[in-house]
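Trainee: Each chain, written out:
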Amino acid sequence: MNWIGWLYFPARLAWRQLVFDRTKLVAAICGVLFACVLVFMQLGFKDSLYASAASAPVKLDGDLFLMHKQSEAMWRPVRFKRSELMRVLGNPAVMEAYPLYLGLAPLKNIQTQVKRTLMVYGFDPDSLIFNVDAVKNKHTELRLKDTVLFDEYSRPEFGPMRQLLDAGENVTEINDYKITIIGLFQLGVSFAADGNVITSDLNFMRIFPRRNLDDIDMGVIRLNSGASVERTQAELKSHLNEFVNVFTYEELLHYEKDYWANAAPIGFIFGFGTVMGWVVGLVIVYQILFTDIVNHRNEFATLKAMGYEHGYFVRVVFASSFFLAVLGFIPGYLLSLGLYNLAESQMYMPMPMLISKIITVFMFILSMCFMAGLLAIRKLKDANPADMF
Amino acid sequence: MPNVIEVDHLNFSFGSGALTQPVLKDVTISIEKGEIVLITGPSGSGKTTFLTIIGGLRQAFHGSVKVLGHQFVNSNEQIKVKTRQQIGYIFQQHNLLKSLTALQNVCMALEINAMITEQQRCNRAAEMLIAVGLGDRLDYRPDQLSGGQRQRASIARALVGQPKIILADEPTASLDKQSGYEAVNLLKRLAKESHTTILLVTHDYRILDIADRVVEIEDGMIKQE
Chain A
1 MNWIGWLYFP ARLAWRQLVF DRTKLVAAIC GVLFACVLVF MQLGFKDSLY ASAASAPVKL
61 DGDLFLMHKQ SEAMWRPVRF KRSELMRVLG NPAVMEAYPL YLGLAPLKNI QTQVKRTLMV
121 YGFDPDSLIF NVDAVKNKHT ELRLKDTVLF DEYSRPEFGP MRQLLDAGEN VTEINDYKIT
181 IIGLFQLGVS FAADGNVITS DLNFMRIFPR RNLDDIDMGV IRLNSGASVE RTQAELKSHL
241 NEFVNVFTYE ELLHYEKDYW ANAAPIGFIF GFGTVMGWVV GLVIVYQILF TDIVNHRNEF
301 ATLKAMGYEH GYFVRVVFAS SFFLAVLGFI PGYLLSLGLY NLAESQMYMP MPMLISKIIT
361 VFMFILSMCF MAGLLAIRKL KDANPADMF
Chain B
1 MPNVIEVDHL NFSFGSGALT QPVLKDVTIS IEKGEIVLIT GPSGSGKTTF LTIIGGLRQA
61 FHGSVKVLGH QFVNSNEQIK VKTRQQIGYI FQQHNLLKSL TALQNVCMAL EINAMITEQQ
121 RCNRAAEMLI AVGLGDRLDY RPDQLSGGQR QRASIARALV GQPKIILADE PTASLDKQSG
181 YEAVNLLKRL AKESHTTILL VTHDYRILDI ADRVVEIEDG MIKQE
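Top to bottom, those sequences are chains A and B. Heads up: the first sequence at position 250 corresponds to 250 in the working numbering, and the numbers run straight through without jumps. Heads up: the second sequence at position 91 corresponds to 91 in the working numbering, and the numbers run straight through without jumps.
Calculated directly from the structure, the hints in this document are not laboratory data. Just so you know, these numbers come straight off a predicted model, no measurement behind them. Each statement offered as a hint is correct.
Among chain B residues calculated to face chain A with C-beta under 10 Å, some are:
| no. | residue |
| --- | --- |
| 1 | Leu-57 |
| 2 | Tyr-89 |
| 3 | Lys-98 |
| 4 | Gln-104 |
| 5 | Gly-161 |
Pairwise CB distance ranges (calculated):
| no. | chain 1 | residue 1 | chain 2 | residue 2 | range |
| --- | --- | --- | --- | --- | --- |
| 6 | A | Gln-287 | B | Ser-174 | 29 to 37 Å |
| 7 | B | Glu-118 | A | Gln-287 | 30 to 38 Å |
| 8 | B | Glu-118 | A | Val-279 | 36 to 44 Å |
| 9 | B | Gly-147 | A | Val-26 | 27 to 35 Å |
| 10 | B | Gln-120 | A | Phe-268 | 54 to 62 Å |
| 11 | B | Gln-120 | A | Trp-6 | 13 to 21 Å |
| 12 | B | Thr-20 | A | Ile-330 | 54 to 62 Å |
| 13 | B | Lys-82 | A | Val-283 | 36 to 44 Å |
| 14 | B | Gln-59 | A | Val-279 | 36 to 44 Å |
| 15 | A | Val-283 | B | Ser-174 | 34 to 42 Å |
| 16 | B | Gly-147 | A | Glu-309 | 26 to 34 Å |
With a Cα cut of at most 16 Å, we get these calculated EDC-like pairs of lysine to aspartate or glutamate:
| no. | chain 1 | residue 1 | chain 2 | residue 2 |
| --- | --- | --- | --- | --- |
| 17 | B | Lys-82 | A | Glu-309 |
| 18 | A | Lys-59 | A | Glu-251 |
| 19 | A | Lys-115 | A | Glu-157 |
| 20 | B | Lys-98 | A | Asp-21 |
| 21 | B | Lys-80 | A | Glu-309 |
| 22 | A | Lys-381 | B | Glu-77 |
| 23 | B | Lys-188 | B | Asp-209 |
| 24 | A | Lys-145 | A | Asp-124 |
| 25 | A | Lys-46 | A | Glu-344 |
| 26 | B | Lys-25 | B | Glu-218 |
| 27 | B | Lys-192 | B | Asp-209 |
| 28 | A | Lys-108 | A | Glu-173 |
Beta carbons are placed, not taken as given, at the ideal position from N, Cα and C, and that holds for glycine.
Construct the entire structure; sequences and hints are all you get.
Mentor: Structure below.
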């Protein structure tokens with residue numbers, strides 16, 4: 001038997017058996033679709049979480065970053081002395097170093113007066129450490145007293161800021177301190193903060209009266225062009241006090257993601273959800289394949305008597321599971337695509353449908369269906385032609 | 001005429017140890033090519049077990065069973081699977097695949113052999129269905145056929161591969177007298193045309209007249225010939 005027949009005939013039989021019983025086929029497809037959507041959404045939320053968690057550090061324009069060793073993540077920093085940051089200027093490779101101040105504070109919705117917490121970033125506007133054009137363009141205006149820039153991608157609960165600004169309503173309160181919103185920029189929400197505001201270091205101290213310029217949350221370091229990032233990092237590590245971490249850009253992103261993945265249980269929750277989707281889908285597909293084998297036991301035994309080998313039926317079962325995987329994945333993908341768009345438009349979370357994610361989920365679904373097939377083929381042993389007579 | 005089936009001092013028992021239940025005792029029989037042999041006997045006499053051993057579906061350990069020149073006693077599965085492909089089976093139940101049409105069901109018997117094209121397979125299957133009188137039912141599924149038509153379709157499936165031996169177990173048991181008789185006569189006619197050997201187990205005394213030879217088994221022994 002040539003190899004086309006080896007695979008084609010059992011696949012054709014599997015296909016004919018699947019389409020013969022429409023009700024069961026629909027049930028099986030729904031099972032796979034359910035698992036598919038569940039996995040897509042879990043992975044989507046997880047990736048979105050990581051992406052948004054790292055959205056702030058992604059925009060920071062620096063080569064090395066200082067953080068207190070006790071800082072779990074950027075959104076809950078432990079402060080350290082500005083003088084510690086300034087010590088890095090002693091290294092000849094360092095061009096400049098700027099402090100970054102971070103704080104969570106409630107912003108009053110201009111329309112409803114409801115207060116909601118957001119993240120406030122404070123830094124020297126002329127340092128241009130925030131690599132967003134809308135922020136860079138406003139650096140002179142930001143130096144004015146009591147001015148802030150508002151993140152347009154913040155949750156809508158803060159109010160329709162663009163319309164309000166166009167209408168000239170730009171005065172509100174952060175931390176019960178009156179400020180003026182002089183413009184918008186785009187960053188995006190994270191699990192830590194529903195919105196973001198950028199202001200100057202001096203305005204930051206006015207919004208947070210108990211803070212002072214000497215206690216900083218992060219340090220952003222720029223090196224001279226041509227200087228080695230790794231070598232400078234090593235030098236700074238040996239030079240500075242033990243309580244600060246010196247991160248490269250990638251390490252900072254990694255540190256932030258790691259926090260959400262491991263320290264916060266969120267990474268585990270989504271991972272767990274993904275596995276549950278896999279298991280539920282597995283059980284459904286297994287049930288379908290299993291009852292299929294039981295129902296066809298006599299027919300299979302007859303075919304065995306006619307000289308079909310055991311392997312033929314194994315291929316029939318695996319072909320069935322492959323078809324179910326594909327048939328369930330296609331509507332599952334389309335539904336997930338819709339849900340992704342819904343999440344982006346309604347929840348303001350970045351949920352891109354990447355090719356790599358599509359492939360990952362398909363492989364996931366395929367492995368689920370093959371696993372179900374693997375469990376179901378044990379039942380084939382029951383198809384014993386000697387019992388037929 | 002050469003013997004296609006030669007059974008020599010075959011002993012077979014179910015169970016082991018103290019529970020050993022002998023089913024076949026010292027069975028010796030030879031069947032020639034083209035012969036139609038009916039095996040009758042009361043229930044539990046071992047006739048079906050005998051058929052499954054001839055068909056290579058059950059492993060025997062004592063004596064000698066040669067089918068188409070292959071020794072089945074203490075043989076490996078590979079030889080039996082190969083030999084089974086030259087044997088046609090007809091069961092008490094039709095055992096047609098519910099999801100396939102009559103034509104596709106008959107084609108299944110030919111798909112083991114991928115040497116011929118799909119077209120040839122369909123042609124041969126259609127010819128065989130026409131020969132059993134189902135020419136106008138090619139695209140009907142089993143649940144759209146009557147009991148007699150289903151059994152005829154399964155006869156077509158057994159014969160289409162041009163097997164050297166047909167093994168049938170109570171093929172008329174689930175049919176009324178008329179369609180049972182028709183089905184068996186059809187089987188006889190087609191078998192005689194192609195010199196196919198038939199070994200048929202039955203209780204049905206109405207069909208004894210189709211046989212060249214009737215063998216009666218009682219308590220695992222051949223009673224008379």
